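Colleague: Sequence:
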Amino acid sequence: MSLLGLLRQPKYRHLRMRALIALGAGLVVGLALWSWRLGVAAAILAAIADTVYRAQTASSVAPWRRASAAERRTEAQLKKLERNGYLTLHARAIPDSDAQIDHLIVGPTGVYAVDSEKWDKRLPVRVQSHRKLFHGPFNQKPRLDEARWEASRASELITEALGREVTVVPSLAIYGPAIPWKILNIREVDVFDGSRVRKWITNRERSLTEEEIQDIYAAAAEVLLPRYPEG
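Heads up, the sequence shown is in full-length UniProt numbering, so the first residue is 1 and it goes up one at a time.
Think of the hints as simulated: they come from the structure by calculation, not from any bench. Note that the coordinates shown come from a computational prediction; the quantities given were computed from them, not determined experimentally. Cβ coordinates follow ideal geometry from the N, Cα and C atoms, glycine included. Heads up, a few of these hints could be off.
Ranges of calculated distance between the beta carbons of each label pair, as one might list FRET restraints [claimed, not checked]:
no., residue 1, residue 2, range
1, N84, E156, 25 to 31 Å
2, R164, E188, 19 to 25 Å
3, L184, L38, 29 to 35 Å
4, A32, Y228, 43 to 49 Å
5, P142, S195, 21 to 27 Å
6, N185, E160, 22 to 28 Å
Take these sequences, add in the hints, and give me the full structure.
Modeller: Have a look at this one:
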């Protein structure tokens with residue numbers, strides 16, 4: 001099959017788009033500045049920028065398996081932590097239950113469970129006495145209890161697998177409505193705007209070595225199975 005025939009296949013759509021982006025950038029800059037050299041340079045830079053953007057935003061979970069847009073947004077943020085030594089498992093099931101940890105992160109500052117939520121932005125988010133979380137008139141106690149239980153159960157399973165205690169910090173990352181605080185611990189669960197996921201994880205003291213990170217990650221991958229295993 002010819003190169004042109006290969007590029008026409010659906011799975012190479014991103015390469016066609018990259019070529020068009022590069023060509024467009026090259027023509028615009030080259031014609032505007034009357035310089036073919038600058039046009040070529042612009043085309044190369046545009047292709048590189050598109051490659052980097054797709055690498056940062058591409059999901060490691062197949063589209064039909066993703067439960068929500070909120071999870072995809074969190075996943076995109078967590079992907080940027082990989083270069084800092086953080087490892088992440090997505091959509092992991094808690095054994096013998098219907099519960100799922102959307103994102104389990106293991107890195108230099110500890111182990112975290114993040115549940116991503118997309119809420120109606122028209123309803124306000126408020127808290128009472130640091131114990132009750134409301135989205136409009138709806139009490140979110142069940143959601144907080146679930147997030148806390150998921151992290152606690154993950155901690156127990158990983159601890160048992162490794163033979164030493166591993167604490168998993170629970171959280172609720174909310175997208176949609178304005179959150180009138182930075183990070184607030186409610187019923188032992190950290191609650192914050194979804195855009196703060198990375199800061200929530202990295203703004204802590206380093207507590208794990210690279211070897212410990214690898215050990216915990218391997219144990220977590222073994223005891224928390226994928227919600228959507230490969231067929």
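Colleague: Which of the numbered hints above does this structure break?
Modeller: 3
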